[in-house]
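Asks: Numbering of the sequence shown is given in my numbering, commencing with residue 191 and proceeding in unit increments.
No lab work stands behind these hints, which were simulated from the structure alone.
Be aware that a few hints might be false.
To be verified - Label pairs and their calculated CB-CB ranges:
no.: 1; residue 1: Gly239; residue 2: Gln195; range: 31 to 41 Å
no.: 2; residue 1: Leu201; residue 2: Val234; range: 17 to 27 Å
no.: 3; residue 1: His225; residue 2: Thr205; range: 16 to 26 Å
no.: 4; residue 1: Glu206; residue 2: Ala240; range: 15 to 25 Å
no.: 5; residue 1: Tyr236; residue 2: Glu208; range: 10 to 20 Å
Remember, predicted model here, so these are calculated numbers, not experimental data.
For each residue, glycine too, the CB sits at the ideal point set by N, CA and C.
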Amino acid sequence: MAYAQPGRYWLRDETEHERALAYLTTGTAYQLTLHDENTRYVLVAYPPGATS
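Throw the hints in and build the complete structure from the sequences for me.
Replies: As structure tokens, this is what we get:
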């Protein structure tokens, strides 16, 4: 799955998982930017109950 390549590292990045959890548990949105040769992806996760 070539389209999944930009995010594969995130699955094994324990430090980044902890950072995401810290943001979300304090009520702050977590943003992750992924990129490949031609495209940039910006993913945002909001904690439960938050409004964008």
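Asks: Each hint should be assessed against the structure and marked as holding or not.
Replies: Hint check results:
1. Gly239 x Gln195: 31 to 41 Å: holds, 33 Å
2. Leu201 x Val234: 17 to 27 Å: holds, 18 Å
3. His225 x Thr205: 16 to 26 Å: This hint holds: roughly 19 Å between Cβ atoms.
4. Glu206 x Ala240: 15 to 25 Å: holds, 20 Å
5. Tyr236 x Glu208: 10 to 20 Å: holds, 18 Å
Going down the numbered hints, you'll see the structure goes against none, and every one checks out.
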